[in-house]
Amino acid sequence: MSTATLEPRVQAPRNYLNAEYGWKSWLFTLDHKRIALLYMVSITFFFMVGGAAAVLMRIHLIEPQGALVQPETYNKLFTLHGVIMIFFFLVPSIPTVLGNFLIPLMIGARDLAFPRLNLLSWYIYIVGGLFTLYSAIAGGVDTGWTFYTPYSSTYSNTQVTAVVVGVFINGFSSILTGLNFIVTIHKMRAPGLTWYRMPLFLWAMYATSIIMVLGTPVLAIALFLLALEHLFHVGIFSPALGGDPLLFQHLFWFYSHPTVYIMILPAMGVVSEIIACFARKRIFGYKIVGFSSVAIAVLGFLVWGHHMFVTGQSIYAGLIFSFLSFMVAIPSAIKVFNWTSTLYKGSISYEAPMLYALGFIGLFTMGGLTGMFLASLATDVHLNGTYFIVAHFHYIMVGGAVMGYLGGMHFWWPKISGRKYPNGWAALAAAIIFVGFNLTFFPQFILGYLGMPRRYAFYPAEFQVLNVMSSAGASILGVGYLIPLVYFIWSMRYGPVAEANPWGAKGLEWQTSSPPPTENFTKMPVVTEEAYAYAAEEKINRA
Amino acid sequence: MPDAHAEHAQTESSGLAHQFEDLAQQHDADTLGIWIFLVTEIMFFGGLFAAYAILRWLYFAAFEGGSHILDIRLGAINTVVLLGSSLTMALSVRSAQIGNRRALVLFLILTMILGGAFLGVKAYEYRQKFVEHVVPSLDWAPEGEVLARLAPGGLNHAQLYFFFYFAMTGLHALHMIIGMGLLLWLVLRARKGDFTPRYFAPVEVVGLYWHFVDIVWIFLFPLLYLIGGRY
Numbered sequence: 003m004s005t006a007t008l009e010p011r012v013q014a015p016r017n018y019l020n021a022e023y024g025w026k027s028w029l030f031t032l033d034h035k036r037i038a039l040l041y042m043v044s045i046t047f048f049f050m051v052g053g054a055a056a057v058l059m060r061i062h063l064i065e066p067q068g069a070l071v072q073p074e075t076y077n078k079l080f081t082l083h084g085v086i087m088i089f090f091f092l093v094p095s096i097p098t099v100l101g102n103f104l105i106p107l108m109i110g111a112r113d114l115a116f117p118r119l120n121l122l123s124w125y126i127y128i129v130g131g132l133f134t135l136y137s138a139i140a141g142g143v144d145t146g147w148t149f150y151t152p153y154s155s156t157y158s159n160t161q162v163t164a165v166v167v168g169v170f171i172n173g174f175s176s177i178l179t180g181l182n183f184i185v186t187i188h189k190m191r192a193p194g195l196t197w198y199r200m201p202l203f204l205w206a207m208y209a210t211s212i213i214m215v216l217g218t219p220v221l222a223i224a225l226f227l228l229a230l231e232h233l234f235h236v237g238i239f240s241p242a243l244g245g246d247p248l249l250f251q252h253l254f255w256f257y258s259h260p261t262v263y264i265m266i267l268p269a270m271g272v273v274s275e276i277i278a279c280f281a282r283k284r285i286f287g288y289k290i291v292g293f294s295s296v297a298i299a300v301l302g303f304l305v306w307g308h309h310m311f312v313t314g315q316s317i318y319a320g321l322i323f324s325f326l327s328f329m330v331a332i333p334s335a336i337k338v339f340n341w342t343s344t345l346y347k348g349s350i351s352y353e354a355p356m357l358y359a360l361g362f363i364g365l366f367t368m369g370g371l372t373g374m375f376l377a378s379l380a381t382d383v384h385l386n387g388t389y390f391i392v393a394h395f396h397y398i399m400v401g402g403a404v405m406g407y408l409g410g411m412h413f414w415w416p417k418i419s420g421r422k423y424p425n426g427w428a429a430l431a432a433a434i435i436f437v438g439f440n441l442t443f444f445p446q447f448i449l450g451y452l453g454m455p456r457r458y459a460f461y462p463a464e465f466q467v468l469n470v471m472s473s474a475g476a477s478i479l480g481v482g483y484l485i486p487l488v489y490f491i492w493s494m495r496y497g498p499v500a501e502a503n504p505w506g507a508k509g510l511e512w513q514t515s516s517p518p519p520t521e522n523f524t525k526m527p528v529v530t531e532e533a534y535a536y537a538a539e540e541k542i543n544r545a
Numbered sequence: 131m132p133d134a135h136a137e138h139a140q141t142e143s144s145g146l147a148h149q150f151e152d153l154a155q156q157h158d159a160d161t162l163g164i165w166i167f168l169v170t171e172i173m174f175f176g177g178l179f180a181a182y183a184i185l186r187w188l189y190f191a192a193f194e195g196g197s198h199i200l201d202i203r204l205g206a207i208n209t210v211v212l213l214g215s216s217l218t219m220a221l222s223v224r225s226a227q228i229g230n231r232r233a234l235v236l237f238l239i240l241t242m243i244l245g246g247a248f249l250g251v252k253a254y255e256y257r258q259k260f261v262e263h264v265v266p267s268l269d270w271a272p273e274g275e276v277l278a279r280l281a282p283g284g285l286n287h288a289q290l291y292f293f294f295y296f297a298m299t300g301l302h303a304l305h306m307i308i309g310m311g312l313l314l315w316l317v318l319r320a321r322k323g324d325f326t327p328r329y330f331a332p333v334e335v336v337g338l339y340w341h342f343v344d345i346v347w348i349f350l351f352p353l354l355y356l357i358g359g360r361y
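So the sequences go chain by chain: A and B.
Number 204 in this note's numbering belongs to position 202 of the first sequence; there are no gaps in the numbering.
Number 311 in this note's numbering belongs to position 181 of the second sequence; there are no gaps in the numbering.
These aren't lab readings, by the way, just hints derived from the structure by calculation.
All residues carry an ideal CB built from backbone N, CA and C; glycine is no exception.
Incorrect hints may have been included.
What the hints assert, rightly or not - Here are the simulated EDC-like pairs of lysine to aspartate or glutamate, each with C-alpha atoms no more than 16 Å apart in a straight line:
1) A:K189 to B:E273
2) A:K347 to B:E151
3) A:K189 to B:D158
4) B:K259 to B:E273
Stated by the list, open to error - Partial chain B-side listing against chain A, Cβ under 10 Å, derived:
5) A159
6) W270
7) A271
8) G284
Excised from the complex, chain B in its bound form (with noise of 0.2 Å):
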C-alpha cells in the first residue's frame, strides 16, 4: 500500500505552514490568535461603548428620545437576521469538521446572504436618517414629530445620540462588510477543496469573528434602539 500511505501523508501534510510542526500546533495558534484579536476588538469597541455610557448617563432624557425616533421592528428583524448567520455560521464550521464540502459552501453562502440582508436593512435605516434629518452635522434639521420627540432632551445631545449610533451601527457594519470579504474567500477556498477535517482552522477562525460581530449587535440592539420605557 505504497501510494495510499504517501497520499494520507500529503493530505496530513496539506495547509501545513512551515514554521509549525504539525497541524495541531498550527490549529492552536490560529485559535489562539484569533481569541488575541477578539480581545482586541472588545477593547476596541469597549472604547466607544465606554464613552456611550459616560454621555448617555449625563443626558438620558436625549438619548431616549433619540432613541424612540429609531424603527424597532427594523433592529429586531435584523437581530433575528443575524442570530440565524450565526447558526449558519456554526453549521459551516460543523460541516468542515465532518468533510462535508458541499454543505460547507451551501451554509457560507446563506451566510453571505443574511449578512447581505442584514447590511441591507442597515442601509435603509440609514436612508431613513437623511429622509429625518437627523444625520448628525451633514444634515441635522429634525422637524415636526422627530423634532417634537428630540426637544426635551436638547437638540445638541440628541445629536450626540445620533453621533453614537452611526459610530457604532457604522463601525459595526465596517466589521460586517470585512466579514463579507472573509467569507467570499472561504467559499472560494471552499470550492477549490481547501479544507479537510484535519485541516480548516480558516473556517473556525472567520467563524469565531462573524460571531464576534454579533455579539456587538446583541448589545448594540438594546442600547441604542430599546432606550426608556416605551414599550
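In isolation and in its complexed conformation, chain A is listed as follows (with noise of 0.2 Å):
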C-alpha cells in the first residue's frame, strides 16, 4: 500500500468511479450509475441468501425421509427461497443493474430523468428487503411465495406480516424504477436516436416498465388486503365469513404472472445485444424483434387464470386462458428464431458473454416449450402442483433470467469496472453453470412427470435417485455461480485496464471511456445510423 501503487491511479483520467470517495460519495450519489453498483452488491447478497436457502433445501432432499431440517423448516426454507430470489433478485436484477447503468448510456443522456427517484428506489428496496429478512429471522414464513389464502390469513402463526409489508415496500421500488424508464426512454434520447435505432435492449426494458407499473400496484393492492385480512380476519378472502380466497389469487397472479416477463425480458434484450456483437451482425428482424418484446409485455397481462386451472375457475375462462398462453409462444419463439436466423452466416466468435447468450437460448427454449405443456388445460390438470412445474419455472428463470443477467454481466463489465476479467476462467465457469443446472433441473421434469408433488419435506424412495441427481446438480451449478464473483472481484484490482470498445460492438454506451465519466460523454453524441451497423465495417474488413 505504498503511494508508488497509487500514483497511475492518481493520473488516471476521472470517471464515475474515481470522481469521489467516501461512503457518503456512494449512500447519497444521485449518479445512476453508482446506484447501479449499489443495488448490485445489494441483489447479489439476497442472491445468496435465497441461494443458501436452496442450498439446505437440496441437501434435506438427498433422503426420502428428508437429510436435514424438520417439515416446517423445509416450508419456511422454501418459501424463504421463493420471495427472496423473485423480489429481492430476478425482479431487480437485470433492470436496476444493468438498465440503470445502461440506458442513459446507449440513448446518450447525462443521467435517468428522475436521478432522486433513483435513489429512492434504492432505499425503499433496501427496507423492503429488511423487513423480509427480518420475517426470516423472526421465525420464518411457512405460505410458500405466493402467499396463498387461507395459508397467509386463517392458518398462519407465522411471520406473515412482515414479509407481505416487505414485498409491498418493494414493489414501490419496481413501480418507480419503471417510471424512470419510462420517462427517460421517450424523453432524453440523443439527437437522432429515433425509435427504430434504438438498441433491443431498450425495447426490451421498455416492455419490462410497462409491466412494472401497471402490474406491480395490484401486488401492492393485493398484499395490502392479504395484510389486512391476516390482521383483523375481517373475511375478504374467508368463505366462512363470505370471502373469496380465489379474488386473492387473482389479484395476485394479475400481477405475478407478467412478473415472469419483468425477469425474462431484460435478459432477452441483454442476449440481442450480445448475439449481434458476437456475431457481427445486425439482428435478424429488428423490428419484429423490439415489437415482440412489447407483444410478449402486453400479453402477459391476459394470461394469469392458467395457473388457477385447478381451482375452480369456470372451465370457459380456463379455455380463454389457456388459449391466450399459447399466444405468448409466438412472440417468444420469433425471438428464438431471430437470434438463430442472426447466427446464420454471422461471424461467430465464442467470447464468455457469447457462451452466456447461446447457453440463454437453449436453456429458454427448454423452458418455453414445457410451459406449452402447462398451458394445456388437460395435461396441466397432471401436471399442476408437481416438480414438473419447478422444473419448467427454473429454467426460465434461472436458465433464461441469471443467464441472461451473467450474460449481460461479462458483456458490459469492462465498461462498468474498467477492467477486463480472464477469459478462460469465464468460459469454464458459463460451462459449469450449463452443466451443473441442467443436472439440477432436468430431473426434476422427469420427477414431475411421474408424479412427485413439489412443497414436500418427503418423498417416496423410488424417486431418490432423481433426487440425488438434482442436489448433485445444484452444488455444481453453486460452484459455477462463485467462480465469477471471484473473478469478477479480483479483476477490479489486478485485471488488465480495459479499453473503450473492448469487444468492438456497436452502441453509445462504447463510444464513451471505460469506465464512463460522471456524466457519461465529454460531448454528447449525436446518432447518425442504425442499431447494430456491424456490416459496414465488415465489408471495410474484407475489402
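Dock chain one against chain two, each of which comes alone in its own frame, and use the hints as you go.
Printed below as a string of C-alpha cells:
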C-alpha cells in the first residue's frame, strides 16, 4: 500500500468511480452508474441468501425421509427461497443493475430523468429487504412465495405480516424504476436516436417497465388486503365469512404472471445485444424482435388464469386463458428464431458473454416449450403442483433470466469496472453453470411427470436417484456461480485495464471511456446510423 | 445590456436539473412522469375497486344496508369541498404560469384549508362508525336501528361492506394527507420565489396528483354512499 501503487491511479482520467471517495459519495449519490452498483451489491447479497436456502433444501432432499430439517423448517426454506429470489433478486436484477447503468449511456443522456427517484427506489428496496430478512430471522414464513389464502390468513401463525409488508414496500421500488425508465426512454434520447435505431435492450427495458408500472400496483393492493385480512380477520378472503380465497389468487397472479416477463424480457434484451455483437450482424428482423417484447408484455397481462386451472375457475375462463397462454409462445418463438437466424452466416466468436447467451437460448427454449405442456388444460391437471412446474419455471428464471444477467455482466463488466476479467475462467464458469443447471433441473421434469409433488419435505423412495442427481447438480451450479464472483472481484484490482470498446461492439455506451465519466459523455453524442451497423465495418475489413 | 442578459440567462436556467438540455425537456419529463404515476395509482385503486365490485355483486343487500348507515349529507358536503379544492388547485397552477406569486401562495393555502376541512369531516365520520359500533373487527357490535338496517343482508357481509368502506376511504385519506404535505412544500418554495412562468412543473405535477385524488373520491362517493334506492 505504498504511494507507488497509487500513483498511476491519480493520473487516470476522471471517471464515475474515482470522481469522489467515501461512503457518503456512494450512499447519497445521484449518479445512475453508482446507483447501479449499489443495486449490484445488494442483489448479490440477496442472491446468496436465497441460494443458501436452496442449498439447504437440496441437501435435505437427498434422502426420502429428509436429511436435514424439520418439515416446518423446510416449508420456511422454500418460502424464503422463493420470496428472496423473485422479489429481491430476479425482478430487480437486470433492470436495476444493467438497466440503470446502461439506459442513459445507450440513449446518449447524462443520467436518468429522475436521479433522486432512482436513489429513493434503492432505499425503498433496502427497507423492503430488511422487513423480509426480519421475517426470516423472527421465525420465517411457511406459506410459499405465493402467500395463498387461507395459508397466509386463517391458518398461518408465522411472520406473514412482516414479509408481506416487505414485499409491498419493495413493489414501490419497482414502480419508480419502471416510471423512471419509461420517461427517460421517451424524453432523453440523443438527437438522431429514433425508436427504430434503439438497441433492442432498450425495447426490452421499455416493455419491462410497462409491466412494472401496470402490474406492481395490483400486487401492492392484493398484499395490502392480505395484510389487513391477516391482522383483522375481516373475511374478505375467507369463505366462512363470505369472502373469496380465489379473489386473492386472481389479484396475485394478475401481477405475478406478468412478473415472469419482468424477469425474462430484460434477459432477452441482453441476449439480443450479445448475439449481434459476437455474430457481427444486425439482429435478423430487428423491428419484429423489438415489437415482440411489447407483445409479450401486453399478452402477459391476459394469461394469469393459467395458474388457476385446477382451482375451480370456470372451465370457459380456463379455455380462454389456455388459448391466450399459447399466444405468448408466438412472440417468444419469434425471438428465438430470429436470434438463430442472426447467427446464420455471422462471424461468430465464442467469447464468454456469447457462451452465456447461447446457453440462454437453449435453456429458454426448453423452459418455453415445457410451458406449453402447462398451458394445455388437460396436461396441466396432471402436472400442476408437481416438480414439472418447478423445473419449468427454473428453466425460464434461472436458465433464462440468470443466464441473461450473467451474460450481461460479462458483456458490460469492462465498461462498468474499467477492467477485464480472465476469459478462460469465464468460459469455464459458463460451462459449469450450464452443466450444473441441467443436472439440477432436468431430473425434476421427470420427477414431476412421475407425480412427485412440489413443496413436500418427504418423497417416496423410488424418487431418490433423481433427487440425488438434482442435489448433485445444485452443488455444481453453486460452484459455477461462485467462480464469476471471485474473478469479478479479482479483476477490479488486478484485471487488465479495459479500453473503451473491448469487444468492437456498436452502441453509444461503447463510444465513451471505460469506466465512463460522471456525466457519461464528454461531448453529447449524435446518432447517425441504425443499431448494430456491423455490416459496413465488415465490408471494410474484407476489402 | 450585459447585466440584463446575464440575469435573463440565470432565470432561464434556474430550476434546471443537470441531466436535461433545457427547461422544456425537463417540463415534458416531469409531466410524463406524473401521468405514468397516476396510471400506477389507477391500477392500485383499480384492484381495490375490482374486489369491491365482486363482493358488492355477491352481497348487494348487505352493501345496500351498509350504505344506508352512512351520512349522505356529510359525504355530499365533502364532495363539494373537494371539488372546491380542485378549483383552487387549478387556480394555483394558473397563478404560477402567469408568475403571480402572491396569488399562488394564497390559492395553495386555500387548497390546503379545503383539504383539511375534508379530512376533518372524514375524521368525524370515522368517529361516528365507532359510536355505531360498525368498525370491522375492532368494534363490530351493531345494535338497535343500525342492526335492523344491516341484518337483512347478513352481518358478516355487512362487515365486508364496512371493511371496504374503511379500506377505500382510508387509502384515499392517506393520499390526501400526502397531498397536504406536498402542498405545504409548494407553499414554502413558492414563498421563496422558486417558481417562474418558465419553471413551475412542481406546481403542475402536484396539481395533477391532487385532481387525481379528487377523482377517486368522485367514484368513492356514489359507490359507498349512494347504493340502492333510498332517495
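Should the hint that A271 (chain B) touches chain A count as held when the rule is a Cβ pair under 10 Å? Check failed: Cβ of A271 (chain B) comes no nearer than 15 Å to chain A, outside 10 Å.
Restraint outcome when G284 (chain B) is required to lie within 10 Å of chain A by C-beta distance: 7 Å, holds
Pairwise hint evaluation, D158 (chain B) against K189 (chain A), where the allowed Cα distance is 16 Å at most: Cα-Cα ~7 Å, so holds.
Is it true that the CA of K347 (chain A) sits at most 16 Å from the CA of E151 (chain B)? Answer violated: K347 (chain A) to E151 (chain B) is near 42 Å, above 16 Å.
How about W270 (chain B): closest beta carbon in chain A under 10 Å, or not? 9 Å, holds
Given pair status - E273 (chain B), K259 (chain B), alpha carbons within 16 Å: Distance ~12 Å between K259 (chain B) and E273 (chain B) Cα, so the pair holds.
Starting from K189 (chain A), check that the Cα of E273 (chain B) is at most 16 Å away, please. Distance ~59 Å between K189 (chain A) and E273 (chain B) Cα, so the pair is violated.
Classify the hint on A159 (chain B) as holds or violated, based on whether any CB of chain A lies nearer than 10 Å to its CB. Nearest chain A Cβ about 4 Å off; hint holds.
Hint compliance for this structure: hints 1, 2 and 7 are not met, and every other hint is.
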